[in-house]
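Visitor: Okay, here's what each chain looks like letter by letter:
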Amino acid sequence: MISAPSLVFENWEFAGHGSLPFVRPAFVYLRRGGSLDRDGRHAVRVQRGRRAGLEGQRGRRAADAYLHDGDGNQIAELNAALVVQHVNVYSGKHLVGTWNPASGTVYYAYSDWLGTKRYEADGGGNYVNSWASLPFGDNQTALGAGVDATEHHFTGQERDAESGLDHFAARYYQSQTGRWLLPDWSATPVPVPYAAFTNPQSLNLYTYVGNNPVNAVDVDGHVEGGGVSTYTAQQGSALWQCVHTGPAFGADTDGCDFGAWGVDDSGLQPQAEDATQAAQDQTADQKNSDAKAEQAEQQGQAQQQRQNAGPAQSAAQQQNGDIQAARQYLSGSPEMQTVMKAFDSGHFHIKINHDNDDSYNPRTRTVNWDPHSALRTTTGGHQTPAMGLGHEMAHGTGNRHQFAIDKITPDSRYGNKEERRVIRNYENPAARELGESPRYNHNGTTYHVDCPTCQ
Amino acid sequence: MKRMLKLTFVALMLQLAYSQSAMKDELASFENSLREDAISSIVVLRMPDDVTTRIDVTPQVLRKGLSSTRKYKIEMNQVRSKLLIRWIQQTTFTRTKRSPDLRWGLLFVDHNGKEIASIFSDRFGQVGNVDGHNIEFSNTHLIDTIHELVGSQVH
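Line by line, the protein sequences give chains A and B.
So the number in this note's numbering is just where the residue sits in the first sequence, counting from 1, plus 28.
So the number in this note's numbering is just where the residue sits in the second sequence, counting from 1, plus 18.
Derived from the structure by calculation, the hints contain no laboratory data.
A quick note: this is a predicted structure, and the numbers were derived from the prediction, not measured.
Take these hints with a grain of salt, some might be off.
Claimed, not checked - Here are the simulated EDC-like pairs of lysine to aspartate or glutamate, each with C-alpha atoms no more than 20 Å apart in a straight line:
hint: 1; chain 1: B; residue 1: Lys89; chain 2: B; residue 2: Glu54
hint: 2; chain 1: A; residue 1: Lys445; chain 2: B; residue 2: Asp74
hint: 3; chain 1: B; residue 1: Lys82; chain 2: B; residue 2: Asp67
hint: 4; chain 1: B; residue 1: Lys91; chain 2: B; residue 2: Asp55
hint: 5; chain 1: B; residue 1: Lys91; chain 2: B; residue 2: Asp149
hint: 6; chain 1: A; residue 1: Lys121; chain 2: A; residue 2: Glu186
hint: 7; chain 1: A; residue 1: Lys379; chain 2: B; residue 2: Glu44
hint: 8; chain 1: B; residue 1: Lys115; chain 2: A; residue 2: Asp439
hint: 9; chain 1: B; residue 1: Lys89; chain 2: B; residue 2: Glu49
hint: 10; chain 1: A; residue 1: Lys445; chain 2: A; residue 2: Asp150
hint: 11; chain 1: B; residue 1: Lys100; chain 2: B; residue 2: Asp74
hint: 12; chain 1: A; residue 1: Lys121; chain 2: A; residue 2: Glu105
hint: 13; chain 1: B; residue 1: Lys91; chain 2: B; residue 2: Asp128
hint: 14; chain 1: B; residue 1: Lys132; chain 2: B; residue 2: Glu49
hint: 15; chain 1: B; residue 1: Lys100; chain 2: B; residue 2: Asp162
hint: 16; chain 1: A; residue 1: Lys435; chain 2: B; residue 2: Glu133
hint: 17; chain 1: B; residue 1: Lys115; chain 2: B; residue 2: Asp149
hint: 18; chain 1: B; residue 1: Lys89; chain 2: B; residue 2: Asp162
hint: 19; chain 1: B; residue 1: Lys91; chain 2: B; residue 2: Asp43
hint: 20; chain 1: B; residue 1: Lys132; chain 2: B; residue 2: Asp74
hint: 21; chain 1: B; residue 1: Lys89; chain 2: B; residue 2: Glu133
hint: 22; chain 1: B; residue 1: Lys89; chain 2: A; residue 2: Asp439
hint: 23; chain 1: A; residue 1: Lys435; chain 2: B; residue 2: Asp74
hint: 24; chain 1: A; residue 1: Lys445; chain 2: B; residue 2: Asp67
hint: 25; chain 1: B; residue 1: Lys132; chain 2: B; residue 2: Asp68
hint: 26; chain 1: B; residue 1: Lys82; chain 2: A; residue 2: Asp383
hint: 27; chain 1: B; residue 1: Lys100; chain 2: B; residue 2: Asp55
hint: 28; chain 1: A; residue 1: Lys121; chain 2: A; residue 2: Asp248
hint: 29; chain 1: A; residue 1: Lys435; chain 2: B; residue 2: Asp68
hint: 30; chain 1: A; residue 1: Lys445; chain 2: B; residue 2: Asp68
Please take these sequences and the hints and turn them into a complete structure.
Guide: The following block contains the structure:
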């Protein structure tokens, strides 16, 4: 039962311009004093004026408040007046973006395989800032002058601005030395918490992920050398899965340890199921690998057969080659990678023509594309035919309902909002990344070139 | 210096007035053709509103036709003439530098099969092209008029 909350956040949605791809319907009830409440699905933990593991050393902070969801992700930071400073949006354990309510700006986070934020873009897809660091998260350097939407950097954990330490749930981590500030600890008395006696590295309770920071991630500050706790990115998915192996000791208080070797106090899926799933995935990967080898062999035979075929088949082969060449070229842009991934899973078609017809018909879900039609922009720049393919693919992969609305919403510069969305969010970033010219309107003149990637 | 600026301003105003009057003359001529039953048929070019393109659709592109472009021919009659005359009388036309993304095209053909006028419009009926000039319409009645001309079977 929730009693008279003084602050209520309902349905944090990021609709409209610059909307985030992942909408988290959060019903968060916070009462001053920071007691625990529940919203029915997510346990919400409010840390007010303290941080776990450093309470005794640092004393009470200024009255900042943090909202965490049931997965332990920090979804909002509030100041002393309980005004929201920023809101983080996650897909699983993966930071997707940050919303700054003061400016109304949405920032997208692009992270590496460990979950470390490397690149940040605004709602319009424009570059804001990027960061570099060494394997242990040390020497973190901002490469640009743009804002840092949230302090979450190394493996997605928050870096404390005052101390430069990374706040993991159980302990603080110092990236300069690659060591924890405190030894690992367990809620129940055990000889050496989270250690495996077959692995001497695990006996050092200050080491970070067994000194293997490029391949492993600690999720909660309880890292163990024997029972290695790592987060691995699933192939083709933004979701992250917790995979545990080996023996474990003691109890887990924050929901990363499961099943046979720990007490799951978070209500998450037991480890046994995860292990089964991981095994199934592994088997599936092996099968896929075998299937791919077989497919490659068949392709080789098919290629041989095609070489003996007539001109019609050669033309078809050429068309496929053009599409492949364009896709290969576009894959050099993260934005276009996203577009192509969505396109491939959406039952779309590509129809080749030689009439300068680059268009997308949503009724037939068909992209019409001329692989020899390059574009001269109104500012005198040039774009390849491949960019035309990417442009029309991007039209197909947007939200269909939003597409219908945006297509009939006038825009003084781009004609309508749908064109604005595609040009600003996908075409221009890709053009910059691939050394082509961006556009600031929906105009241009087409001209013939010899190949899909020629300008 | 001031004199030069004044002269330039006057020249620009004269040019604008001339272009507006030229537009009026063209439309007056087109209206006369309608009144005199000089128009035999209308060719309607249509690019569906929901089809996206890499660049704005120009009159040339719409005439040439893309894979999604549809083309209809309707015979002219008294009712259709009156509809067009009413629209011309209700509407004022201003030249614009805006480049419209055209979705409708009306090509007016005389009894000898010769095209004597053309009107193009974007999907909103706000901006278009009349006889090669980009223009802004004072209202969006053209879309309604087109629908009345071609009937409900053309979307």
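Visitor: State for each hint whether it applies.
Guide: Okay, the hints, checked on the actual structure:
The suggested pairing of Lys89 of chain B with Glu54 of chain B is violated, with an alpha-carbon distance near 26 Å, which exceeds 20 Å. With a CA separation close to 13 Å, the supplied pair Lys445 of chain A and Asp74 of chain B stays within the 20 Å bound. Restraint check: the Cα-Cα separation between Lys82 of chain B and Asp67 of chain B comes to about 18 Å, which is no more than 20 Å; the hinted pair holds. Straight-line distance between C-alpha atoms of Lys91 of chain B and Asp55 of chain B comes to about 17 Å, which keeps the hinted pair within the 20 Å bound.
At most 20 Å may separate the alpha-carbon atoms for a hinted pair to count; Lys91 of chain B and Asp149 of chain B meet this at roughly 19 Å. Annotation: proposed proximity of Lys121 of chain A to Glu186 of chain A holds, straight-line Cα distance about 13 Å (limit 20 Å). Proximity of Lys379 of chain A to Glu44 of chain B is assessed by CA-CA distance (about 41 Å); at most 20 Å being required, the pair is judged violated. Annotation: proposed proximity of Lys115 of chain B to Asp439 of chain A holds, straight-line Cα distance about 15 Å (limit 20 Å).
Our distance criterion of 20 Å between C-alpha atoms is broken by Lys89 of chain B and Glu49 of chain B, whose separation comes to about 24 Å. The hinted pair formed by Lys445 of chain A and Asp150 of chain A meets the criterion: a straight-line CA distance of about 17 Å does not exceed 20 Å. For the suggested pair Lys100 of chain B and Asp74 of chain B, the alpha carbons sit about 31 Å apart, so the restraint of at most 20 Å is broken. For the given pair, Lys121 of chain A sits about 17 Å from Glu105 of chain A by alpha-carbon distance, which is consistent with the 20 Å threshold.
For the given pair, Lys91 of chain B sits about 13 Å from Asp128 of chain B by alpha-carbon distance, which is consistent with the 20 Å threshold. Taken as a hint, the Lys132 of chain B and Glu49 of chain B pair is honoured in the structure, with Cα atoms around 17 Å apart against an allowance of 20 Å. A distance of roughly 14 Å separates the Cα atoms of Lys100 of chain B and Asp162 of chain B; the hinted pair therefore holds under the 20 Å criterion. For the hint pairing Lys435 of chain A with Glu133 of chain B, the CA-to-CA distance comes to about 32 Å; that exceeds 20 Å, so the pair is violated.
This hinted pair checks out: Lys115 of chain B and Asp149 of chain B have alpha carbons roughly 15 Å apart, not beyond 20 Å. A threshold of 20 Å between alpha carbons decides the hint, and for Lys89 of chain B with Asp162 of chain B the separation of about 18 Å falls inside it, so the pair holds. This hinted pair does not check out: Lys91 of chain B and Asp43 of chain B have alpha carbons roughly 27 Å apart, beyond 20 Å. Restraint check: the Cα-Cα separation between Lys132 of chain B and Asp74 of chain B comes to about 27 Å, which exceeds 20 Å; the hinted pair is violated.
Restraint check: the Cα-Cα separation between Lys89 of chain B and Glu133 of chain B comes to about 15 Å, which is no more than 20 Å; the hinted pair holds. For the suggested pair Lys89 of chain B and Asp439 of chain A, the alpha carbons sit about 28 Å apart, so the restraint of at most 20 Å is broken. The hinted pair formed by Lys435 of chain A and Asp74 of chain B meets the criterion: a straight-line CA distance of about 13 Å does not exceed 20 Å. Pair hint Lys445 of chain A plus Asp67 of chain B holds up; C-alpha atoms about 13 Å apart against a cutoff of 20 Å.
For the given pair, Lys132 of chain B sits about 32 Å from Asp68 of chain B by alpha-carbon distance, which is inconsistent with the 20 Å threshold. Restraint check for Lys82 of chain B and Asp383 of chain A: satisfied, since their Cα atoms lie roughly 9 Å apart, inside the 20 Å limit. Restraint check for Lys100 of chain B and Asp55 of chain B: satisfied, since their Cα atoms lie roughly 11 Å apart, inside the 20 Å limit. At most 20 Å may separate the alpha-carbon atoms for a hinted pair to count; Lys121 of chain A and Asp248 of chain A meet this at roughly 11 Å.
Straight-line distance between C-alpha atoms of Lys435 of chain A and Asp68 of chain B comes to about 7 Å, which keeps the hinted pair within the 20 Å bound. A C-alpha spacing of about 12 Å is found between Lys445 of chain A and Asp68 of chain B, which places the hinted pair at or below 20 Å, so the restraint holds.
Violation of the numbered hints given earlier is confined to hints 1, 7, 9, 11, 16, 19, 20, 22, 25; the remaining hints are satisfied by the structure.
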